[in-house]
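Chains as they are written, first to last, in numbering that gives the first Met the number 0: chain A, 0 to 164; chain B, 0 to 131.
Worth flagging that the hints you see were computed from the coordinates, not collected in a lab. Possibly wrong hints are sitting among the right ones.
Stated by the list, open to error - Derived lysine-lysine pairs resembling DSSO-like cross-links, with alpha carbons at most 30 Å apart:
hint : chain 1 : residue 1 : chain 2 : residue 2
1    : B       : Lys93     : A       : Lys101
2    : B       : Lys91     : B       : Lys46
3    : A       : Lys15     : B       : Lys91
4    : A       : Lys16     : A       : Lys130
5    : B       : Lys5      : A       : Lys130
6    : B       : Lys123    : B       : Lys91
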Amino acid sequence: MIMPLPYESELYEQIKKQKIMISWDIWETLLYKCLGDYIVPIYLICRYYLCQNMPIPESEARKILSCTSNIKGIVNEVIRIGEGDKLFPEVKNRITLHPLIKELFTYYVGNTIYLINLIVEHSLTESTSVKQISVEMTKEILDNAQQVRHFLYKLLKETASTIPN
Amino acid sequence: MGEPKKLKLMVVDDEPGIVDFVKKIYSRKGFITLGVSDGQSAVEVFKLERPHISLIDIHMPFSAIDGVETLRRIKEIDDNALCIMVTRVSDKDKIESARQLKAFAYLLKPMNLEELDSAITLAKTAAGWEGN
């Protein structure tokens, strides 16, 4: 798992003091497209095979890589919000993401997804006849996926301006 | 006949998990891999081991010096050092500083192995490497 930022509490303190918010439109994009569509499948695949105490087969491992690839696209899009680059239509022309939010988001999501990619690629290129992710490595992927979920929930709690019913 | 020459890759990242897996992957690909978790150690290892390629994370909150400063110090030792910088979209100023310091390439996190492989292959070619 990724180590927490050493100055994380100061960043959250500043977010609180400066009343930095993220609009609900942007949250919807982050949560539904990043967390919902791509993090949860990684989490579910890992949980399923861990419950069976079985390695993840290659076909399922490829699904994890596909999810991480989509998350990468979302990270890049979300970070460019307000910078005049191509954006999700639903958040176009909305508020700019504050640099403190970008700092936290890119640190946690960027590092964690990079690490998940490395674990999966390492497992698939291991010199055994069957390409799969071992139970031990699956636990590591699950821990990382959970870390992203927890991070996003924490950020949501600290920054969402209004949560519609 | 001596041992075939192998390419040395140094991985610099303050996330031990990332260093560990990049090392494992490239050791299996036939590289000699060196891993360090802070900029100062990277400079020391560079002096001693002279890796052919260095993969340096720019944003290292657990290191006394960041990746750009690490690059600057490595370039002072060897201006031709091939350094691939790993960074984030939000590190624009640092990307520019790394470019001015003649970083070989930069990769945006979270990258996949294909992107990493492709940058390392380009660096190998730039180094005139025929082994591996």
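Hinted pair B/Lys91 and B/Lys46, Cα distance within 30 Å: 29 Å, holds
query: Under the criterion that the straight-line Cα-Cα distance not exceed 30 Å, is the pair B/Lys93, A/Lys101 satisfied?
result: Cα-Cα ~15 Å, so holds.
- prompt: Straight-line Cα separation of B/Lys123 and B/Lys91 no greater than 30 Å?
  reply: 26 Å, holds
query: Regarding the pair B/Lys5 and A/Lys130, is the alpha-carbon distance no greater than 30 Å?
result: Roughly 26 Å separates the two Cα atoms, so the pair holds.
task: Compare the distance between the alpha carbons of A/Lys15 and B/Lys91 with 30 Å, and conclude whether the hinted pair is satisfied.
output: 26 Å, holds
message: For a C-alpha distance cap of 30 Å, please report whether A/Lys16 and A/Lys130 respect it.
response: Violated, at about 50 Å.
Checked against the numbered hints given earlier, this structure breaks only hint 4.
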